[in-house]
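Chemist: Sequence:
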Amino acid sequence: MKYLATTCLVSEVSKPRQKPHVLEFIATNTFVFSPETLIDVQRGILRTSRTNPQKAAELREWLSSVSSSWPLVSGREQEKAKLVAAMLECRELKNIWLPQPRATHPSFGYHVSIAAAAITYELPLAGFGIDTFLQIDRYFSLPGIFDLKDESWRSAASECRTVDWKQVSMQLHKSPDGRQAHGRRAA
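In the working numbering, the protein residues as written are 1 to 187.
Honestly, I wouldn't trust all of these hints.
What the hints assert, rightly or not - Calculated cross-link-like contacts (lysine-lysine; reagent style DSBU-like; alpha-carbon spacing at most 30 Å):
no. : residue 1 : residue 2
1   : Lys-15    : Lys-55
2   : Lys-149   : Lys-2
3   : Lys-94    : Lys-19
4   : Lys-19    : Lys-2
5   : Lys-2     : Lys-55
6   : Lys-55    : Lys-94
7   : Lys-149   : Lys-15
What the hints assert, rightly or not - Derived CB-CB ranges, DEER-like:
no. : residue 1 : residue 2 : range
8   : Pro-20    : Trp-62    : 14 to 24 Å
9   : Gly-129   : Ala-27    : 31 to 41 Å
10  : Ser-152   : Ser-11    : 17 to 27 Å
11  : Gln-18    : His-105   : 15 to 25 Å
12  : Gln-135   : Gln-42    : 20 to 30 Å
13  : Met-1     : Leu-72    : 10 to 20 Å
14  : His-21    : Trp-62    : 15 to 25 Å
These are computed hints drawn from the structure, not numbers from a lab.
Even glycine gets a Cβ: it sits at the ideal position worked out from N, Cα and C.
Please construct the entire structure, taking both the sequences and the accompanying hints into account.
Modeler: Take a look at the structure:
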């Protein structure tokens with residue numbers, strides 16, 4: 001199956017002692033990066049280079065080695081941009097995309113862009129830190145969220161949803177603000 005890789009998945013893969021089930025999951029599936037995930041990974045490498053240049057060099061080498069087998073998704077950026085704009089207008093998701101200026105390493109709030117990429121390219125997400133994606137999923141139906149911590153699907157359905165994404169895309173294109181197509185779901 002093909003997944004959109006999250007930053008936490010990449011972080012887990014780069015650890016010295018990787019979990020066997022994660023290695024098996026990676027070996028038996030295909031992954032792609034969103035540009036935002038790649039930016040976040042590059043930022044982590046830069047941060048690591050300040051305290052551990054050797055580790056940063058190893059991470060750069062690893063990233064270079066997977067870049068051909070984990071390509072960037074591209075080609076539908078206009079559609080993705082409309083989804084990101086709609087997510088930024090969803091007040092209930094405000095805490096996700098606003099930076100935390102007092103944090104040691106403030107987050108840029110890439111989760112909304114990564115979620116928009118998952119919807120746009122019809123790819124489920126795979127990762128460990130999925131709570132933010134679950135929050136987004138309450139308002140913008142993601143094609144699936146696979147939690148590597150307990151190896152389970154963690155979205156509105158017990159498995160990756162079967163959604164008519166062409167219909168969603170058509171509704172998004174018809175909607176002037178992008179929000180009408182992605183109304184709030186019942187809890």
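Chemist: Does each hint hold? Answer for all of them.
Modeler: How the hints compare with the structure:
Restraint check for Lys-15 and Lys-55: satisfied, since their Cα atoms lie roughly 10 Å apart, inside the 30 Å limit. Straight-line distance between C-alpha atoms of Lys-149 and Lys-2 comes to about 18 Å, which keeps the hinted pair within the 30 Å bound. For a cut-off of 30 Å, the pair hint linking Lys-94 to Lys-19 is broken: about 33 Å separates their Cα positions. At roughly 20 Å between alpha-carbon atoms, Lys-19 and Lys-2 fall within 30 Å of each other, so this suggested pair holds.
Distance check on the hinted pair: Lys-2 and Lys-55 sit about 29 Å apart at the alpha-carbon level, within 30 Å; holds. A hinted pair counts as satisfied when its Cα atoms are at most 30 Å apart, and Lys-55 with Lys-94 does not qualify at roughly 34 Å. For the proposed pair Lys-149 and Lys-15, the alpha carbon gap of about 15 Å is at most 30 Å, so the pair holds. At about 18 Å, the CB distance of Pro-20 to Trp-62 agrees with the hint of 14 to 24 Å.
Taking the beta carbon of each, Gly-129 and Ala-27 are about 22 Å apart, not inside 31 to 41 Å as hinted. The hinted range of 17 to 27 Å is satisfied by Ser-152 and Ser-11, whose Cβ atoms lie roughly 20 Å apart. Distance hint for Gln-18 and His-105: a CB-CB separation of about 23 Å, consistent with the stated range 15 to 25 Å. Our hint of 20 to 30 Å for Gln-135 and Gln-42 holds, since their Cβ atoms are close to 25 Å apart.
Judged by the Cβ atoms, the range 10 to 20 Å given for Met-1 and Leu-72 holds: they are separated by roughly 19 Å. Checked against the given bound of 15 to 25 Å, the beta carbons of His-21 and Trp-62, roughly 19 Å apart, stay inside it.
Comparing the model with each numbered hint stated earlier shows that hints 3, 6, 9 do not hold.
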